[in-house]
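Using our numbering, the letters of the sequence shown map in sequence onto residues 1 to 238.
Hints are supplied without guarantee of correctness; some may be wrong.
To be verified - Label-pair distances were calculated between CB atoms; the ranges are:
no., residue 1, residue 2, range
1, Asn-224, Arg-89, 12 to 22 Å
2, Asn-229, Gly-86, 10 to 20 Å
3, Ile-187, Pro-94, 38 to 48 Å
4, Ser-228, Arg-168, 17 to 27 Å
5, Gln-164, Asp-85, 11 to 21 Å
6, Asp-219, Gly-137, 35 to 45 Å
7, Ser-162, Asp-219, 32 to 42 Å
8, Ala-217, Gly-137, 39 to 49 Å
It is worth saying that the hints were derived from the structure and are not from the lab.
No residue lacks a Cβ here, since even glycine has one placed at the ideal position from N, Cα and C.
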Amino acid sequence: MLADASFTGVDDDVNPADASTRRLTRWIKPTRVTHTDMASTFFRPAALALALIIAGSQLCARASVQTVADSPGTSTRQEHASLLDGKIRFDLPPDFVGTALPPDPPENGAAGVTGTAYTNARQQMVLASEEASMPDGVRVQDNDARFLDGVMASFIEQQQASWQHYQRAGEKSITIKGLGLRQVDAIASFSDIPMRVTMLLAGSGRTLALIRITSKADDVDSHNMLVSNVLDGIRAGR
Numbered sequence: 001m002l003a004d005a006s007f008t009g010v011d012d013d014v015n016p017a018d019a020s021t022r023r024l025t026r027w028i029k030p031t032r033v034t035h036t037d038m039a040s041t042f043f044r045p046a047a048l049a050l051a052l053i054i055a056g057s058q059l060c061a062r063a064s065v066q067t068v069a070d071s072p073g074t075s076t077r078q079e080h081a082s083l084l085d086g087k088i089r090f091d092l093p094p095d096f097v098g099t100a101l102p103p104d105p106p107e108n109g110a111a112g113v114t115g116t117a118y119t120n121a122r123q124q125m126v127l128a129s130e131e132a133s134m135p136d137g138v139r140v141q142d143n144d145a146r147f148l149d150g151v152m153a154s155f156i157e158q159q160q161a162s163w164q165h166y167q168r169a170g171e172k173s174i175t176i177k178g179l180g181l182r183q184v185d186a187i188a189s190f191s192d193i194p195m196r197v198t199m200l201l202a203g204s205g206r207t208l209a210l211i212r213i214t215s216k217a218d219d220v221d222s223h224n225m226l227v228s229n230v231l232d233g234i235r236a237g238r
């Protein structure tokens, strides 16, 4: 059972679990909610995790598969990513070209999610950086372990249910100068094409950030190098 994160703006006369459950049913189908088994803090990260996945997963998967046809071969400028008001900053390697992710319709449950997809046509790689505001006035510290673990569990559950041939390859808890991150590595199929996926997630204040790296499943070295470059960049930026 997850302990409570820091909440603001919640009426003391309202049961947080009941209120959170009602809000969550507007984000996802009621059949996906286990009302009696989860603390209220799980419902909030679950809803936010689902919102980010809805906004980014399918687009990034298609971009990975089609990047050779759809993206320029080289970039003439250095791409930079910044999340959580600059608490996460890193430079993209050469040949990555950034494109803003289109907003998702509010009825899909991803209102307020913003992000950029950086594609490398030559290596068929995509890095997507995304942010979303916490629902219901939730506020978290920079290294809220229980909150991050809850979000990570929600992501993994959704991936297992939604992605073809999903196989989890590993998980890590990382702290970089006071900022907590969670890393999840997996293999999954998109349009029957095996892909390697790494997600890095972090939260601060009222914002959750997600970095998703997608590569060809057999390009292990390039994938791991990009993950390392991102983490090294975050360390340097802190």
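Do the hints match the structure? See the list:
1. Range check, Asn-224 to Arg-89: Cβ separation about 21 Å, and the 12 to 22 Å hint holds.
2. Between Asn-229 and Gly-86 the C-beta distance comes to about 18 Å, which sits within the given range of 10 to 20 Å.
3. Judged by the Cβ atoms, the range 38 to 48 Å given for Ile-187 and Pro-94 is violated: they are separated by roughly 27 Å.
4. At roughly 20 Å, the beta carbons of Ser-228 and Arg-168 sit within the given window of 17 to 27 Å.
5. Checking the proposed 11 to 21 Å range against Gln-164 and Asp-85 shows it is violated: the Cβ atoms sit about 36 Å from each other.
6. With their beta carbons about 42 Å apart, Asp-219 and Gly-137 fall inside the hinted range of 35 to 45 Å.
7. For the pair Ser-162 and Asp-219, the supplied restraint of 32 to 42 Å is violated, since their beta-carbon distance comes to about 23 Å.
8. Checking the proposed 39 to 49 Å range against Ala-217 and Gly-137 shows it holds: the Cβ atoms sit about 40 Å from each other.
Figure legend: structure checked against the earlier numbered hints; hints not met, in rising order: 3, 5, 7.
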